[in-house]
Amino acid sequence: MTTLIFTHPDCFAHDTGPGHPEAPERLAVVWQVLDRPEFRDLERRSAPEADVEQLSRVHDRSYVDAVLAAVPADGYRRLDGDTLLSPGSRGAILRAAGSVCAAVDAVLAGEATNAFCAVRPCGHHAEPARAMGFCVFNNIAIGAEHARKVHGLTRVAVVDFDVHHGNGTQAMFADDPDLFFASTHQSPLYPGTGNSWERGVNGNILNLPLEPYSGSVEFRQAVERAILPALEAFQPELLMISAGFDAHKRDPLAQLGFTAEDFEWVTRKLVELADRVCGGRVVSALEGGYDATGLAEGCAAHLTALMRA
Numbered sequence: 000m001t002t003l004i005f006t007h008p009d010c011f012a013h014d015t016g017p018g019h020p021e022a023p024e025r026l027a028v029v030w031q032v033l034d035r036p037e038f039r040d041l042e043r044r045s046a047p048e049a050d051v052e053q054l055s056r057v058h059d060r061s062y063v064d065a066v067l068a069a070v071p072a073d074g075y076r077r078l079d080g081d082t083l084l085s086p087g088s089r090g091a092i093l094r095a096a097g098s099v100c101a102a103v104d105a106v107l108a109g110e111a112t113n114a115f116c117a118v119r120p121c122g123h124h125a126e127p128a129r130a131m132g133f134c135v136f137n138n139i140a141i142g143a144e145h146a147r148k149v150h151g152l153t154r155v156a157v158v159d160f161d162v163h164h165g166n167g168t169q170a171m172f173a174d175d176p177d178l179f180f181a182s183t184h185q186s187p188l189y190p191g192t193g194n195s196w197e198r199g200v201n202g203n204i205l206n207l208p209l210e211p212y213s214g215s216v217e218f219r220q221a222v223e224r225a226i227l228p229a230l231e232a233f234q235p236e237l238l239m240i241s242a243g244f245d246a247h248k249r250d251p252l253a254q255l256g257f258t259a260e261d262f263e264w265v266t267r268k269l270v271e272l273a274d275r276v277c278g279g280r281v282v283s284a285l286e287g288g289y290d291a292t293g294l295a296e297g298c299a300a301h302l303t304a305l306m307r308a
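Each residue of the sequence shown is one higher than the one before, starting from 0 at the first, in numbering that gives the first Met the number 0.
Mixed in with the good hints there might be a few duds.
Across the chosen pairs, the derived CB separations fall in these ranges [as the list claims (entries may be wrong)]: (1) Gln220 with Glu42: 35 to 45 Å; (2) Gly74 with Gly202: 43 to 53 Å; (3) Asp174 with Tyr75: 32 to 42 Å; (4) Tyr212 with Ala27: 26 to 36 Å; (5) Gly74 with Pro228: 48 to 58 Å; (6) Gln234 with Ala173: 31 to 41 Å; (7) Pro86 with Asp274: 35 to 45 Å.
None of these hints come from the bench; they were simulated from the model.
Only a predicted model underlies this, so the values are computations on that prediction, with no experimental measurement involved.
Think of the CB as a built atom: it goes at the ideal place given N, C-alpha and C, for glycine as much as any other residue.
Based on the provided sequences and hints, a complete structural model is requested.
This is the structure in structure tokens:
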């Protein structure tokens with residue numbers, strides 16, 4: 000068994016307009032990484048569209064209906080200051096969410112050890128009834144609830160190492176002690192959430208804010224001293240990863256100093272933990288990453304560690 004890749008060309012059709020950081024070119028970078036000799040033999044599967052029932056497990060039904068109705072026939076429609084819809088957005092936002100559900104299905108069926116969803120737009124800022132920060136639907140949270148409602152899992156954990164705090168995922172998990180969310184992120188930085196005292200119910204939220212210009216030492220200490228022990232205590236049945244690569248030292252939207260080696264290291268540590276507590280079952284979904292080189296280096300490192308599972 001190995002690593003499955005879920006992706007779809009529809010994710011290129013989500014047009015965010017000239018100069019927008021979350022552009023189709025990001026996915027082109029990831030596809031170029033996937034075409035490297037070391038990754039070329041990984042099985043690719045077509046990301047299906049999520050249905051309204053899957054979306055509505057974490058989003059208000061009225062919000063889901065409003066978003067789908069808002070997709071314009073031409074031009075752009077803003078959901079917030081950073082988040083736009085274009086005529087091609089419907090397929091992209093549905094397949095980004097659907098990819099994580101399909102990856103959960105495959106991993107829980109034993110068809111692969113783990114899976115990586117190479118999709119856009121990202122999702123971890125999307126709240127139950129609000130689009131935020133380039134995110135329309137919360138892909139990783141939708142997948143977590145799919146694991147519980149369809150497959151009967153109880154405890155699901157998400158680890159988010161995007162440079163921005165996953166406020167949407169936290170909002171969806173905070174009141175449910177059987178969901179666990181851990182995040183490393185730069186602070187202060189958008190969206191302004193993720194303080195260490197935000198602990199959820201029974202401590203199921205773990206935020207490790209990092210000061211600007213923090214790097215490998217601070218990140219690895221946070222993971223080893225806090226996140227890994229907390230995951231061991233939580234004993235998830237499935238481990239999910241919000242894999243953002245915008246903490247890379249080259250990224251233009253933040254000021255952390257991670258390297259490719261850091262992304263390989265954290266992925267390997269999470270895979271090793273998953274081997275101990277949940278049969279190695281890991282589902283990862285692409286979040287941020289806005290420098291082409293940093294995104295490519297991060298994705299390659301992440302995939303290398305997943306493949307070693």
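We went through each hint and held it up to the structure:
1. Gln220 with Glu42: 35 to 45 Å: Roughly 36 Å apart at Cβ, these two residues keep to the hinted range, so it holds.
2. Gly74 with Gly202: 43 to 53 Å: Holds, since glycine 74 and glycine 202 (Cβ atoms, about 46 Å apart) stay within the stated range.
3. Asp174 with Tyr75: 32 to 42 Å: The hint (32 to 42 Å, Cβ to Cβ) holds, given that aspartate 174 and tyrosine 75 are roughly 35 Å apart.
4. Tyr212 with Ala27: 26 to 36 Å: Distance hint for tyrosine 212, alanine 27 holds at roughly 30 Å.
5. Gly74 with Pro228: 48 to 58 Å: Hint holds: Cβ distance 50 Å, inside 48 to 58 Å.
6. Gln234 with Ala173: 31 to 41 Å: Violated: the Cβ-Cβ distance is about 20 Å, outside 31 to 41 Å.
7. Pro86 with Asp274: 35 to 45 Å: The hinted range 35 to 45 Å holds for proline 86 and aspartate 274, with Cβ atoms some 44 Å apart.
Hint compliance for this structure: hint 6 alone is broken.
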